[in-house]
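Chemist: Read off the chains here:
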Amino acid sequence: MRAACRVAYVGDVRSEKGGVDMIEFACLEDVPGAKEDHDLVLFALSTCGWCRKARNFLEGNEIAYRYVYLDQLEGDEQRAVLTEASNWNPKRTFPTLIIDDKDVIVGFDDSSYTEKLL
Amino acid sequence: MSMEISSGKAYALREQLVEEAEAGGYHINPDDSITMTLVEGLVLNTSRYGYPLCPCRLTGGDRDADLDIICPCDYRDEDLDEFDTCY
Numbered sequence: 596m597r598a599a600c601r602v603a604y605v606g607d608v609r610s611e612k613g614g615v616d617m618i619e620f621a622c623l624e625d626v627p628g629a630k631e632d633h634d635l636v637l638f639a640l641s642t643c644g645w646c647r648k649a650r651n652f653l654e655g656n657e658i659a660y661r662y663v664y665l666d667q668l669e670g671d672e673q674r675a676v677l678t679e680a681s682n683w684n685p686k687r688t689f690p691t692l693i694i695d696d697k698d699v700i701v702g703f704d705d706s707s708y709t710e711k712l713l
Numbered sequence: 544m545s546m547e548i549s550s551g552k553a554y555a556l557r558e559q560l561v562e563e564a565e566a567g568g569y570h571i572n573p574d575d576s577i578t579m580t581l582v583e584g585l586v587l588n589t590s591r592y593g594y595p596l597c598p599c600r601l602t603g604g605d606r607d608a609d610l611d612i613i614c615p616c617d618y619r620d621e622d623l624d625e626f627d628t629c630y
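Those protein sequence lines, which keep their order, are chains A and B.
Under our numbering, the first residue of the first sequence is numbered 596, with each subsequent residue one higher.
Under our numbering, the first residue of the second sequence is numbered 544, with each subsequent residue one higher.
For reference, chain A alone in the conformation it holds in the complex:
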């Protein structure tokens, strides 16, 4: 099935891959915040309410992060970002939050974000 914005798993999926370069895309938007304890990258869709909730959580808690709306990308750029997102979350669901290029939270619920980020 193609699950959507649920919390499918929380954990470190990258360690088994032997490490990958830090996520760097020109399309990532910086959102400043008072808390910069983690390097956060949020893969999201502009149309997705749960992605909105995730952003609201981060900004409500003054947490700095970067994000990209994949539905607003096109062509090669979208494919490249989707490939990166798929490495972390093969189901390609949103939101997908990457923490310190190491951990991932798929979907949004308050408790998972609180546990990992606060």
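Just so you know, these hints were derived from the structure itself, not from any lab.
Treat the hints with care, as some may be off.
Said to hold, decoys possible - Here are some, though not all, of the chain A residues that point toward chain B, as calculated from beta-carbon distances under 8 Å: (1) Cys622; (2) Gly644; (3) Leu677; (4) Arg687.
Note that the structure is predicted; figures quoted are calculated from it, not measured.
C-beta: ideal position from N, C-alpha, C; glycine also.
For chain A, the structure is supplied; the task is to place chain B on it using the hints.
Modeler: For chain B alone, kept in the frame of chain A given last:
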């Protein structure tokens, strides 16, 4: 984070969805902060692709390939059983 859509269309669609959901034994999420975002996403996706693609899923723009993720999607009941809400 706003989507450039007509709020009038969104509210009209919301009313339509309420009627259809209730007629089918379902309920729209009472949390309007999530419901309206999703409804706005449906309006935007309909404008973009010509069909109400689930706002939480990415498409390549092929309607035939997206039949399972057009709202209400094939996974609604499964989600409701597990999470009490669809995603």
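Chemist: Indicate, hint by hint, whether the structure satisfies it.
Modeler: Each hint tested on the structure:
1. Of the supplied interface hints, the one on cysteine 622 of chain A is violated, with its beta-carbon coming no nearer than about 14 Å to a beta-carbon of chain B, more than 8 Å.
2. Hint status for glycine 644 of chain A: holds, given a least beta-carbon distance of 4 Å to chain B, under 8 Å.
3. Interface restraint check for leucine 677 of chain A: the shortest CB-CB distance to chain B comes to about 7 Å, inside 8 Å, so the restraint holds.
4. The interface hint given for arginine 687 of chain A holds, since its Cβ lies 6 Å from the closest Cβ of chain B, which is under the 8 Å cut-off.
Checked against the numbered hints listed earlier, the structure breaks hint 1 alone; every other hint is satisfied.
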